[in-house]
Amino acid sequence: MGKCLLITRPDHDDVTFYLSKWGEKIMDEAKENDFKILDLNGSKANRATFESYNSKNQVNFIIFNGHGDGSTVTGYRNEPLVQQGVNDTTLRSRIVYSISCSSASGLGKSAVASGATAYVGYTDDFVFFIDTNSSATPLNDSMARIFLNHSQTLTSNLLKGATVGHAHGRARGELERAFRASLTQDPSISRYLWWDYLNFVAIGDIDAKL
Amino acid sequence: MTDNTEGDRRELVIARLMVLPSNRKIAIGNRGAYTPKELIDHVRKDDEIGKKVVAIEIAFIMALKEGRIYGEVSADNET
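As you go down the protein sequences, you meet chains R and D in turn.
Here the first sequence stands for residues 1 to 210, where the numbers follow the working numbering.
Here the second sequence stands for residues 1001 to 1079, where the numbers follow the working numbering.
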């Protein structure tokens, strides 16, 4: 049976607009790897639609783009989509990647304890830079690319069949390379790359694959 | 921790933010992306966003101090 990716792409502010556009690259690669794609873009990134699509399809891989905190990932206009202790069981049997602040610190752990296969995310705020000269075309923003490349590396490796552990390791290596390059090329961004590198984690079955 | 130490840390962070190009915004936290000037205001107010920016700087400084970034440098000059 073919594999299925569910991706949330709210776009209601600068940050989510960027993540939404970068999510298009992930979807392109998922298509190339014959994944069925459930794209919850814009206002479709709400809890009711998420739960409906997630329960009615054999979803293997969930990518949350958006805001969050230790116990929550949010969607359009910051509506909570999944909350620790409320509906984290909806992530059961899925590999999850959450590009949102802090959710790996609480929700990620509870989701895995409740049956999620693995949860990759950040244990504190995920930080990235935007070049305002490119803000209308996020995919051309070379400053944002420095911070977001690792997420592409993670998803690309997973979509091609790598284990969670291998994909996370490759992505973390990408972040480290970006950090080390910044030390000589652009030290003003180094501390922020280091922060993301420290907080980027994989929880659960790291030998799992899509 | 003394007020002086916290104040010094805020001033260090403000100095770092002041050299950022004005065409950059930093996406941090759940409230969007901020210009360097906006972040300086947050640091001066010592609010949630300001505290986060300071925490990021301190994490980097600690890593430098602990040798996690450049590694231990041998001072052995014996021949």
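Treat the hints with caution; some may be incorrect.
Calculated lysine to aspartate or glutamate pairs in the EDC-like style (CA-CA distance at most 16 Å, straight line) [claimed, not checked]: (1) Lys1052/D <-> Asp124/R; (2) Lys1052/D <-> Asp69/R; (3) Lys21/R <-> Asp124/R; (4) Lys109/R <-> Asp131/R; (5) Lys1045/D <-> Glu1006/D; (6) Lys1051/D <-> Glu1006/D; (7) Lys1037/D <-> Asp131/R; (8) Lys1052/D <-> Glu1011/D; (9) Lys1051/D <-> Glu1066/D; (10) Lys1051/D <-> Asp124/R; (11) Lys160/R <-> Asp207/R; (12) Lys1052/D <-> Glu1066/D.
What the hints contain is simulated information worked out from the structure, not anything from laboratory work.
Hints not upheld, ascending by number: Hint check: 3, 4, 9, 12 fail, others pass.
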